[in-house]
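Number of protein chains: 2
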Amino acid sequence: MSGKEGAGRYETTLCYLYGPKGVLMLHRTKKENDINKDKYIGVGGHLEHGESPEDCIKREVWEETGLVMDSFRLRGILTFVIDDIDEITFLYTCDAFSGDLKTCDEGELIWIPEDRIDTLPIWPGDKLFFRLLSERQDVFSLKLHYVKDELVDAALDGKKIDFVV
Amino acid sequence: MSGKEGAGRYETTLCYLYGPKGVLMLHRTKKENDINKDKYIGVGGHLEHGESPEDCIKREVWEETGLVMDSFRLRGILTFVIDDIDEITFLYTCDAFSGDLKTCDEGELIWIPEDRIDTLPIWPGDKLFFRLLSERQDVFSLKLHYVKDELVDAALDGKKIDFVV
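Chains H and L, in that order, are what the protein sequence lines are.
Heads up: the first sequence at position 97 corresponds to 97 in the numbering used here, and the numbers run straight through without jumps.
Heads up: the second sequence at position 146 corresponds to 146 in the numbering used here, and the numbers run straight through without jumps.
Pairs involving identical chains hold if they fit within one copy or between any two copies, as the list cannot separate such chains.
Result set (EDC-like, lysine to aspartate or glutamate): computed pairs, CA atoms no more than 20 Å apart in a straight line: (1) 127 <-> 153; (2) 148 <-> 51; (3) 160 <-> 70; (4) 58 <-> 157; (5) 159 <-> 95; (6) 39 <-> 150; (7) 160 <-> 55; (8) 160 <-> 51; (9) 159 <-> 55; (10) 159 <-> 51; (11) 159 <-> 70; (12) 39 <-> 149; (13) 31 <-> 108; (14) 39 <-> 114; (15) 58 <-> 153; (16) 39 <-> 106; (17) 160 <-> 48; (18) 159 <-> 48; (19) 58 <-> 106; (20) 58 <-> 86; (21) 21 <-> 70.
Worth flagging that the hints you see were computed from the coordinates, not collected in a lab.
Produce the complete structure using the sequences and hints provided.
Structure follows, in structure tokens:
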């Protein structure tokens, strides 16, 4: 989730980089009034004027991590419905990158072994898409309906699903 | 393209239904001040609050054609950059549907044999994505940069491409 507040439509990107030490997660400890405060999320941000989702995620990964993605792939479309907010997020994974990891203004960048992700404080819907990332090779569309912090409904590829998180 | 005017970000869906007599196209003859006036396009429209792209395209196909889609699939993400406008379009194809075709308020619905599409007045970028629909089985991301009616740049999956339309 983007952290923007108030009614509106937002378009964002989100990427998980997979390296030898695990998955690169951003522990959001630094920003004030952050909807993601203390949660572990991926790298990404808002589409700017003139950007495709790919333009945006390349820029955001570079700005937030100092890394250049050499190979990345669209894996999912996430629709977040949170009260009056609609947010569409383009979800990517990256398995080849170059450069040196830098310090990020928005939190601490940490490599997390894949099997430990479920034990971290992450959004309940994020657990659902991590499962899909491990199960699906094609691009999925996951709709996540939150009321405040609580995930109340989910749909996959247009069909409502039951879930336990 | 959605036909909305002025600066802003828009999220839309677009679907081509494939039936025994060809591809269902909407000949936009009816709306005043229509950016798509006299062009042939697909069926679709704007995402409403609380909708995923799948919710939106099911609703739009039903509203505009009277048909219910029994099987449809996300095929591409289109990024239109047109002067101050940014529009993200989720492109679908449908190969199974039921119901009776109705009259559409926005134009005439016509089944067009697939090999005739290139001969119709369609947007130059639409010719590019029709080629991709025939070549690609995975979800592609196509960015189309227009200055007024002219396609000036295109990128596929984040990389600039040369094109002839």
